[in-house]
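*Asks:* Please construct the entire structure, taking both the sequences and the accompanying hints into account.
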Amino acid sequence: MVMRYMKHVLPNEKYYESPIIDESKLNISNHPKYWKTKLDRHWTYYIPPNIILPKQGWKIHISAVSSEAQHTLEIVSSFLFEQSVFFKYVSSLKELILKNSKYGDRKSSGKFMTIYPFDETQFVFLLDKLHNLLKGTPKGPYILSDKRWLDGNVYFRYGAFKQLYMKDGASKILAIQSPSGEYVPDERSTSYVVPDFIEEPKVVQEMTKEQESKPSSNSEFSNYSIKSALHFSNGGGVYLADHIPSRKEVVLKEGRPGAGLDGIGRDAVERIKHEAKILRILKGLNSVVEYRGLFHEWEHIFLVEENIPGVSLKEWVSSWYPFNRSQDSKAYCERVISIIKQLKIAIIEIHARGIGIGDLQPSNVMITPSNCVKLIDFEASCEDLSVTRHSGLRTPGFTGAENSTREQVDWFAFLRIARYVFLPIGPVQDMSENILKKHDQWILQQFGKEAFKYIKEIEAECRDRSVKAVDSMLSSPEKYFNRRDLSEVVSKLREGIVDDLREDMRLLPGDIRQFESTNDLLNIMTGGFGVVMTLSRTGILPKKAREWALKYSNFEYIDQFDDGLFSGKSGIAGILYEIGMINESKAIYNSISIDLDTEDISLYTGLAGIGLALLSASTLSGFEPLLEKSLAIGCRLETLLERDVSIKPNDHNAIPYGLIDGWSGVSLFFTTLHWITGEEKWLNLSLRAIEKDMNKFVLNDSGLYQLKSDSRTVPQLAGGSTGLGLSMIELRHILKNNIWDEELRAIGMNTIQRCFYSSGLFHGLAGLIVGANAVDIELGLQDEKSYVNKTIETMNLYILGDKNKFYVPGNFNYRLSGDLYSGACGMLLALSEVSLNGFTWLPLPEISMLFPSHNFRNKISDLKGGDSIESSTCSSRIGVRGKKRNEYDE
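If you read the sequence shown in full-length UniProt numbering, its first letter stands for residue 1, the second for the next number, and so on.
If you're looking for bench data, these hints aren't it; they were derived computationally from the structure. There may be inaccurate statements among the hints.
Straight line, CA to CA, 25 Å or less: simulated DSS-like cross-link-like pairs of lysine-lysine [claimed, not checked]:
1. Lys55 with Lys38
2. Lys59 with Lys437
3. Lys330 with Lys314
4. Lys107 with Lys94
5. Lys248 with Lys227
6. Lys330 with Lys344
7. Lys648 with Lys586
8. Lys38 with Lys437
9. Lys456 with Lys314
10. Lys456 with Lys344
11. Lys14 with Lys38
12. Lys692 with Lys708
13. Lys544 with Lys479
14. Lys344 with Lys449
15. Lys790 with Lys330
16. Lys59 with Lys172
Pair ranges (Cβ atoms, derived) [unchecked claim]:
17. Lys55 with Leu150: 20 to 30 Å
18. Ser363 with Asn218: 32 to 42 Å
19. Ser363 with Val645: 33 to 43 Å
20. Val698 with Asn737: 49 to 59 Å
21. Lys55 with Glu200: 39 to 49 Å
22. Ser363 with Asn737: 45 to 55 Å
23. Ala460 with Gly265: 34 to 44 Å
24. Asn737 with Arg325: 48 to 58 Å
25. Ser363 with Ala460: 21 to 31 Å
26. Ser216 with Pro179: 30 to 40 Å
The C-beta atom is built at its ideal place from N, Cα and C for all residues, glycine as well.
*Replies:* This is the structure:
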């Protein structure tokens, strides 16, 4: 579960949406009228007049339990108004609860108020005063990034007061400034860190010395030797440890007070105590983790359990699932049905003792090396099977109807697990239960009658218990699609996009990044300009989309963007050119001032993408001077390649290899520079760049192309082998030989795996359709040998909608997305370019001038039924560029 996404999953909304207006606002009843206030998505700020804060310093945090938040706010704010001290606080009770929830960010947990002292003298003064004011209030969660003042709810650390950033590759890092003026990271980790150039105030040093001098009493914790951390959540850690007296290996499960709140307001300590009670009731069942004890250490509580050798069912499926279609599905089916049968017996035995499990899902089912089942994590369990109240913890995809009894909840989860082991994708079925007909058909095709029959038997048992799913918001097409149905799917996906266009800044709902940045609401990647590009390339641009583009191409919006291809100006400029806004396009291209100090090499936000955009534009009449900027970028990338710079993607979840964030994107840019200029230098650099990514992958024994580092088969367009393959193909057309045939076949094999978690372009199925199609065309594969035919069929697992309009789920499949990155636009472009060489998803004008492998202009004409884009060609070019292109044209 990803909490960032779950915040945007609202009842009866088919897309990710902004959270409902919060009715749990925390307010200050009396404040000076002359103070300024401002709000953002999380904080409310109170700013005293005539105060100019320093850039950085000692800041104070106040922790609070949710029940005391309003009271704490009134006490502290009244004092800070008197002292004219700048502060902010979490705006609502709901936000505070989410912040302190089990899956909240551990680094920010507990931070209810932030106070900005003017200097160190005021900081020291405030520490004592605030501590005394809050004496007697219940302790909030311990703030892991801070040091606590004495023993109350006042914490502190040294850090930035204003948002200062330093660049690290493509990523921006919050920073502070050293005495020399250099920016260094503002450490915001789960431990207290003091910058090297800062000394703690004397009173803090004295407090620390006094605390450390206190004799430590003997504790139960000293009987354990921690070997490793198995898992962390905001509620505490889970540790593998040796019990020293018995010499037995155990698991310690930690509970932090006030932290790790669940859906019914219990903190981790309360849940750990409850879990211990449940495990004592279940003691003796072989299918349940064995209870060994419970003890307190300092303010925390620890549950001691047996250590179960093995992995969770989620990890087991990831390791043993026959993703590769050449793997033996029958052998897997036999093993997994044995596991599911054991799980069924375990549920029956647990229910026989009157216990409802509550949060049954793959991560809480352990599989031993001998394939035996053991259940763990009984924090959400209940001693009454007929109870219908919220269990406190739920996992999307494994939760039934709202009014389900605990018995029904467990049986529903069991049915979903039985399907998950055969089809491990995101919970698209929560939006449309009837898509399970397609899923069942797919399971029958892939795993045979035994798997299908067993699922139907579990379904029958669930019907006997009146088990129900959550209400569906959407339907699913009854037809099972294949390549022959592409025109129908393309037409109805486009219709779904057009029908849902809006008239405000959010042209079409997409990924949750739209709520995190205005740029992400407008850009190519997740925003409206990506929608405009998709619609203009697959038909006539609707009036609503054209008017949107006219409005939001205004300087007041564009000026705030970075220069990136998918994130900013260079991609938007290309699309404006395509839709006939030539002057606006030229103005944006000319406004791009290249940062030749950056180490961001990426296609997404950095030099490779910007270079491609400028190079593409330089082939247009009147845009020729942009070639010089593109060449300058080439020289900078050459330097970075020589230095072998470390790649730091903009997205912390990104894999730093491949086309979007890695050296394959640089290779693609160098290839096009060679194609346009004819200079051998760029061809040599392209080969060197792609080899850097190829060195991260290896052909395995089953014919797949996988990462060397952790043996994962990462097929995605972003960070995976598909993007790498697209760069290989462009180089092959320059080299005119069959280099990398074996690798491309392996990449093709990657694209026809049995399933993929999501359907998006960058991290899911749509990108693999692009890759499979490119490999087919490059290697001349057709019919039974075709990769794309098989990959296309996989879309049946995701396509939602009715007879006239189709949709696809976004990241994690919790809700729909319409954007290029994760949603319908990406899928539409991927399906539209089947049988055609192309990069229709790249926001570059006149791609036919840029890549040797395809004729983009003709494709656009085909897609539009002859309505081609008007633009000039490079036919009048003279010199090396024209000569070189003629050499290669056949």
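*Asks:* Each of the hints needs a verdict: does it hold here or not?
*Replies:* Verification of the hints:
1. Lys55 with Lys38: holds (19 Å)
2. Lys59 with Lys437: violated (56 Å)
3. Lys330 with Lys314: Holds. Lys330 to Lys314 sits at ~20 Å (cutoff 25 Å).
4. Lys107 with Lys94: Between Lys107 and Lys94 the Cα gap is close to 18 Å, so the pair holds against 25 Å.
5. Lys248 with Lys227: holds (12 Å)
6. Lys330 with Lys344: holds (21 Å)
7. Lys648 with Lys586: Violated, at about 31 Å.
8. Lys38 with Lys437: violated (51 Å)
9. Lys456 with Lys314: holds (22 Å)
10. Lys456 with Lys344: holds (14 Å)
11. Lys14 with Lys38: With Cα atoms ~32 Å apart, Lys14 and Lys38 exceed 25 Å; violated.
12. Lys692 with Lys708: OK: Lys692 and Lys708 at ~13 Å, within 25 Å.
13. Lys544 with Lys479: Violated, because 31 Å separates the two Cα atoms, which is more than 25 Å.
14. Lys344 with Lys449: holds (20 Å)
15. Lys790 with Lys330: holds (20 Å)
16. Lys59 with Lys172: holds (22 Å)
17. Lys55 with Leu150: 20 to 30 Å: holds (28 Å)
18. Ser363 with Asn218: 32 to 42 Å: holds (36 Å)
19. Ser363 with Val645: 33 to 43 Å: Because 37 Å falls inside the window, the suggested range holds.
20. Val698 with Asn737: 49 to 59 Å: Taking Cβ atoms as reference, Val698 and Asn737 lie about 22 Å apart, which means the hint is violated.
21. Lys55 with Glu200: 39 to 49 Å: violated (19 Å)
22. Ser363 with Asn737: 45 to 55 Å: holds (48 Å)
23. Ala460 with Gly265: 34 to 44 Å: holds (37 Å)
24. Asn737 with Arg325: 48 to 58 Å: violated (29 Å)
25. Ser363 with Ala460: 21 to 31 Å: Holds, at about 27 Å.
26. Ser216 with Pro179: 30 to 40 Å: holds (38 Å)
The structure does not agree with the numbered hints 2, 7, 8, 11, 13, 20, 21 and 24 stated previously, though it agrees with the rest.
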